[in-house]
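The listed protein sequences correspond, in order, to chains X and B. Counting from 83, one number per residue, gives the positions in the first sequence under our numbering. Counting from 71, one number per residue, gives the positions in the second sequence under our numbering.
No lab work stands behind these hints: they were computed from the structure. A hint or two may mislead.
[As the list claims (entries may be wrong)] FRET-style restraints, in silico, Cβ to Cβ:
| # | chain 1 | residue 1 | chain 2 | residue 2 | range |
| --- | --- | --- | --- | --- | --- |
| 1 | X | Ala206 | B | Arg213 | 41 to 47 angstroms |
| 2 | B | Thr108 | X | Pro383 | 32 to 38 angstroms |
| 3 | X | Arg883 | B | Thr108 | 29 to 35 angstroms |
| 4 | B | Ser149 | X | Arg883 | 55 to 61 angstroms |
| 5 | B | Ile180 | X | Ala268 | 37 to 43 angstroms |
| 6 | B | Val117 | X | Val384 | 48 to 54 angstroms |
All values derive from a computational prediction rather than experimental measurement. Note that beta-carbon positions come from the ideal geometry of N, C-alpha and C, so glycine has one too.
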Amino acid sequence: MKKRTRTLVRLFVVGLFLLASAVRAQLSSGVDVNLSQMGGYQSECAIAKNPANHDQLFALCNNLAGSGLLAARSVNGGVSWTFPDPADKTIADGDAGQGPAACCDPTLAWDAFGNLFITYIDSARTGIVTILSTDGGATFTNLTTFPPASVDQPTVVAGAGAVWIVWNQSGQMVARGAPVTGLGTANVGAFHALQTIPGTASCSFGDIAISPGGAVVQACETENSANGQGQESILINTDADGLGAGNFGAAVTATNTNVGPFDAIPAQASRTIDAEAGLAFDANPASPHFGRLYLVYTEEPVDENNDTQILLRFSDNNGTTWSNPPIRVDDDPNGRSQFFPKIASNALSGNVGLCWYDARNSATNTAMQVFCTIANRDLFPAFIGPNVQVSDGASTSSANANQFGDYSGLAYFQGAMHPIWGDTSNSGGLNPNGTAEFDAYSDRITGGVAANEGDPHITTVDGIRYDFQAAGEFVALRDGGMEIQTRQTPIPSAPPAGNGYTGLATCVSLNTAVAARVGTHRVSFEPNVSGVPDPSGMQLRVDGNLTTLPDDGTDLGGGGRVVSSPGGGIQIQFPDETLLVVTPGWWASQGLWFLNIDVFQTSAVEGIMGVRAPGSWLPALSDGTSLGPRPAGLHDRFVDLNQKFADSWRVTDKSSLFDYAPGASTATFAMPSWPAENPPCVVPHTRPVRPVSAAVARELCRGIVDKSRNANCVFDVRWTGNRGFVKTYLLSQRIESGSTTVVLSGEPSPSRPEEPVVLTATVRRNLRPARHGRRSAATTGLVQFFVDGQRAGEPIRLDARSQARWKTARLAVGKHRVSAAYLPDRASTALGSQSATLTHLVEDRAR
Amino acid sequence: MNDSRKKAGFLGCVLGCSIWAAMLTPSFAGDSFWGKVTEVRSADNVVLDNGKARFEVRLVGVIVPREGRLAGEAKDFVSRLVLGKNARVRMESKSKDTMIGELITDDPEIGFKDVGLELVRNGMARKAPEYSDKYGDLARAEREAREARRGVWAPAQPR
Numbered sequence: 083m084k085k086r087t088r089t090l091v092r093l094f095v096v097g098l099f100l101l102a103s104a105v106r107a108q109l110s111s112g113v114d115v116n117l118s119q120m121g122g123y124q125s126e127c128a129i130a131k132n133p134a135n136h137d138q139l140f141a142l143c144n145n146l147a148g149s150g151l152l153a154a155r156s157v158n159g160g161v162s163w164t165f166p167d168p169a170d171k172t173i174a175d176g177d178a179g180q181g182p183a184a185c186c187d188p189t190l191a192w193d194a195f196g197n198l199f200i201t202y203i204d205s206a207r208t209g210i211v212t213i214l215s216t217d218g219g220a221t222f223t224n225l226t227t228f229p230p231a232s233v234d235q236p237t238v239v240a241g242a243g244a245v246w247i248v249w250n251q252s253g254q255m256v257a258r259g260a261p262v263t264g265l266g267t268a269n270v271g272a273f274h275a276l277q278t279i280p281g282t283a284s285c286s287f288g289d290i291a292i293s294p295g296g297a298v299v300q301a302c303e304t305e306n307s308a309n310g311q312g313q314e315s316i317l318i319n320t321d322a323d324g325l326g327a328g329n330f331g332a333a334v335t336a337t338n339t340n341v342g343p344f345d346a347i348p349a350q351a352s353r354t355i356d357a358e359a360g361l362a363f364d365a366n367p368a369s370p371h372f373g374r375l376y377l378v379y380t381e382e383p384v385d386e387n388n389d390t391q392i393l394l395r396f397s398d399n400n401g402t403t404w405s406n407p408p409i410r411v412d413d414d415p416n417g418r419s420q421f422f423p424k425i426a427s428n429a430l431s432g433n434v435g436l437c438w439y440d441a442r443n444s445a446t447n448t449a450m451q452v453f454c455t456i457a458n459r460d461l462f463p464a465f466i467g468p469n470v471q472v473s474d475g476a477s478t479s480s481a482n483a484n485q486f487g488d489y490s491g492l493a494y495f496q497g498a499m500h501p502i503w504g505d506t507s508n509s510g511g512l513n514p515n516g517t518a519e520f521d522a523y524s525d526r527i528t529g530g531v532a533a534n535e536g537d538p539h540i541t542t543v544d545g546i547r548y549d550f551q552a553a554g555e556f557v558a559l560r561d562g563g564m565e566i567q568t569r570q571t572p573i574p575s576a577p578p579a580g581n582g583y584t585g586l587a588t589c590v591s592l593n594t595a596v597a598a599r600v601g602t603h604r605v606s607f608e609p610n611v612s613g614v615p616d617p618s619g620m621q622l623r624v625d626g627n628l629t630t631l632p633d634d635g636t637d638l639g640g641g642g643r644v645v646s647s648p649g650g651g652i653q654i655q656f657p658d659e660t661l662l663v664v665t666p667g668w669w670a671s672q673g674l675w676f677l678n679i680d681v682f683q684t685s686a687v688e689g690i691m692g693v694r695a696p697g698s699w700l701p702a703l704s705d706g707t708s709l710g711p712r713p714a715g716l717h718d719r720f721v722d723l724n725q726k727f728a729d730s731w732r733v734t735d736k737s738s739l740f741d742y743a744p745g746a747s748t749a750t751f752a753m754p755s756w757p758a759e760n761p762p763c764v765v766p767h768t769r770p771v772r773p774v775s776a777a778v779a780r781e782l783c784r785g786i787v788d789k790s791r792n793a794n795c796v797f798d799v800r801w802t803g804n805r806g807f808v809k810t811y812l813l814s815q816r817i818e819s820g821s822t823t824v825v826l827s828g829e830p831s832p833s834r835p836e837e838p839v840v841l842t843a844t845v846r847r848n849l850r851p852a853r854h855g856r857r858s859a860a861t862t863g864l865v866q867f868f869v870d871g872q873r874a875g876e877p878i879r880l881d882a883r884s885q886a887r888w889k890t891a892r893l894a895v896g897k898h899r900v901s902a903a904y905l906p907d908r909a910s911t912a913l914g915s916q917s918a919t920l921t922h923l924v925e926d927r928a929r
Numbered sequence: 071m072n073d074s075r076k077k078a079g080f081l082g083c084v085l086g087c088s089i090w091a092a093m094l095t096p097s098f099a100g101d102s103f104w105g106k107v108t109e110v111r112s113a114d115n116v117v118l119d120n121g122k123a124r125f126e127v128r129l130v131g132v133i134v135p136r137e138g139r140l141a142g143e144a145k146d147f148v149s150r151l152v153l154g155k156n157a158r159v160r161m162e163s164k165s166k167d168t169m170i171g172e173l174i175t176d177d178p179e180i181g182f183k184d185v186g187l188e189l190v191r192n193g194m195a196r197k198a199p200e201y202s203d204k205y206g207d208l209a210r211a212e213r214e215a216r217e218a219r220r221g222v223w224a225p226a227q228p229r
């Protein structure tokens with residue numbers, strides 16, 4: 083092989099490795115859930131997530147198995163779905179109390195009060211109907227049906243004290259809005275008069291968004307070409323004062339697109355696609371782009387070549403002007419079709435989730451898979467993450483004349499995205515029609531895995547592995563809603579071998595304490611604030627108070643909580659669904675605790691475990707700037723890593739989340755001179771270590787399966803001689819593969835005296851077993867329910883859906899704290915876990 | 071016939087059958103467009119102008135008489151309903167540049183009527199075999215027309 087060819091092959095292999103690492107690390111999807119499991123056609127779905135309870139989801143789809151709309155609800159973050167009407171799985175089908183009969187085109191919005199607005203076209207196809215649910219989609223109340231007209235494709239949105247609906251009426255975009263002041267119909271005011279949106283004659287397939295300040299923006303696509311495939315425009319109109327007296331302003335052309343309103347592509351040949359413009363605001367006041375409006379749409383740069391692409395533009399003035407050129411969202415290298423994009427923003431972070439149908443892996447450009455990515459506000463402008471395939475199977479449109487329908491659905495809140503789509507792959511084998519019809523599928527997508535283990539071997543959230551041996555306290559990960567800080571303590575070692583990524587062979591340190599901001603609370607896990615580690619265990623403090631964890635953990639509010647973890651460690655669940663697992667080990671000869679720190683399903687990107695800045699060899703500095711490419715010289719790398727980078731992420735007195743003994747501060751633990759650039763690696767007042775051979779270290783670490791973690795184990799044991807590392811690595815491995823979450827729900831809520839209440843606990847694996855080569859590993863065991871801290875009955879065995887239910891009619895009037903503990907079977911690879919504590923109310927009144 | 075022509079014929083048949091099958095399968099009407107009907111070419115073929123473009127539209131789910139007295143009556147029937155009036159086309163599929171879908175009137179006097187459905191109800195068309203019931207309406211309309219012996223269901227006239 084010629085040298086040039088060999089070089090190219092190496093570059094290709096390295097590129098593939100980097101691509102694979104990044105893709106795996108950025109986003110993590112689960113196993114697809116077939117939530118309809120019905121005969122006939124279900125597709126063209128909408129999905130919404132309760133901003134007040136991130137475990138509640140509601141989905142609504144067109145349905146051809148009978149009348150009405152497929153309606154499904156989840157109370158466990160989309161792990162499993164039930165039906166408000168289990169008899170036929172539909173609502174708006176003529177049954178009493180389920181809304182006027184529907185034709186189609188469902189759209190959903192869930193506001194912070196807990197109002198779930200459900201809008202659709204009625205069965206006569208002349209009315210825009212809106213019904214309301216205040217109990218997570220269990221029951222419904224009619225809200226309004228607008229007067230009969232020639233209507234199409236409504237979209238509902240709620241927020242900033244309003245609910246707005248936009249649709250096409252007699253060829254023109256129109257909108258109506260109403261004030262919302264609280265939960266329930268009594269708190270939804272009358273809809274204001276119909277507004278005809280200027281300049282939108284022959285414009286349709288719209289979307290609508292409400293700015294944090296209450297301005298309302300709509301998007302629609304023109305219909306100017308006779309064959310439906312010529313160049314069209316996406317028009318934007320803004321109603322600056324929302325529910326105020328002003329109307330929508332004149333239409334602005336945000337962009338042109340070669341994807342016409344009825345554009346045939348091989349994957350949707352007869353039903354056709356449109357540009358499917360979508361809008362979303364950055365609604366996080368802490369975001370640097372607060373108030374930014376994003377527009378996603380489909381483009382076909384070369385008209386009619388079927389290489390349709392997903393593009394994004396943004397506006398910082400509520401749609402008056404738009405960024406140019408557009409940012410490409412999909413990274414399809416094959417020139418195939420992407421279509422039906424959906425956009426949703428996470429109001430807690432300002433990040434934007436994007437999902438779409440994608441035929442990149444279909445040689446005939448006809449089979450689609452669902453792909454998603456997250457656009458991270460902190461990485462702007464290069465903020466589009468890697469595309470990740472979400473759907474487990476591939477679907478073709480030929481199963482039904484409706485093909486994929488006209489749009490897909492997406493919900494994104496508190497760190498988890500939930501796309502919903504029509505699927506013919508029959509992955510999971512639960513489609514009664516096999517591959518001959520569409521069922522409605524969904525999935526749950528979270529951020530990736532990051533690690534900070536041993537002599538700090540760091541795996542960043544975008545999959546880069548490097549060693550970081552500075553001494554002091556550092557920001558490990560943070561975003562607008564959470565922060566994790568670590569304390570690194572220098573330790574003596576033999577002169578180690580060089581790290582593969584940095585090329586540096588410096589002295590080492592260890593994580594010896596961790597602290598976190600969880601909602602409004604501060605949590606620290608330290609050996610002992612006095613500075614003298616206690617061999618009996620680490621100390622946990624919440625808001626500075628020494629805390630002993632009860633069996634069901636400590637609730638920190640907003641979905642945050644801290645619970646015990648195997649090996650004397652802790653797990654912290656953050657409100658944004660980030661999961662932090664801390665696994666301690668005791669090094670007797672040195673008299674210190676060391677920690678493995680693992681982070682799952684996070685969307686945070688800043689810190690020493692954060693993502694690399696564009697063009698940088700290390701994560702971005704704390705001001706967002708880049709260190710640039712890796713220097714050629716080892717000394718320059720040393721300065722980059724252990725001085726510039728380390729100092730950038732050092733904790734200050736003001737930012738520290740740790741607890742200190744009187745007179746101590748973060749400066750007490752900082753040692754800017756560590757690591758020395760060259761050995762010896764001697765730490766004053768510590769005993770020298772006794773290294774072991776590589777062969778002994780390899781033998782000791784043989785139980786560590788993951789190659790990278792195994793190499794870290796061998797490194798740590800070899801150069802420090804501390805065999806205790808093996809135990810913590812094994813524990814971390816077990817936790818990663820077996821970590822579970824218990825999601826608890828209780829219904830009805832609230833309940834009446836003597837009314838049966840069913841508590842349902844769903845046990846969810848935090849990582850796909852496939853990551854550990856056990857894709858089909860079942861979650862088996864028992865669940866113990868607790869009411870007001872007392873055991874409620876005997877433990878109940880999990881069913882095939884990893885759920886256990888406990889029913890009672892004996893709850894007294896008042897508020898009750900309920901929780902559940904998962905107790906895995908002895909043979910199970912899963913680890914026990916605790917649910918968050920719910921408050922269940924028994925009301926002393928008739929309904 | 072040589073092989074390539076046979077293949078072309080076969081592919082044409084497959085394509086045609088696919089489009090026909092798509093027309094016959096139960097469906098929702100999808101994305102729509104709205105405008106004024108400016109021409110009625112036949113009972114199931116009209117031209118709709120939205121002010122920016124003209125669309126050729128074929129009605130889905132109905133089979134109209136192609137010749138004879140009833141063909142003319144059906145075309146007149148459609149003309150009375152929609153010619154020069156506003157209507158919405160709920161598109162179901164597209165064949166080349168022809169939009170295939172439902173045609174729904176939007177007129178203050180006529181209201182919102184599904185033209186295909188009205189054709190079948192008045193005996194001016196049959197429901198396409200195996201086509202969806204379009205929410206059950208087409209089948210009911212055809213039953214009503216048949217029972218009332220309207221149009222295509224009228225007893226044959228003695229010569």
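Ascending list of hint numbers which this structure does not respect: 1, 3 and 6
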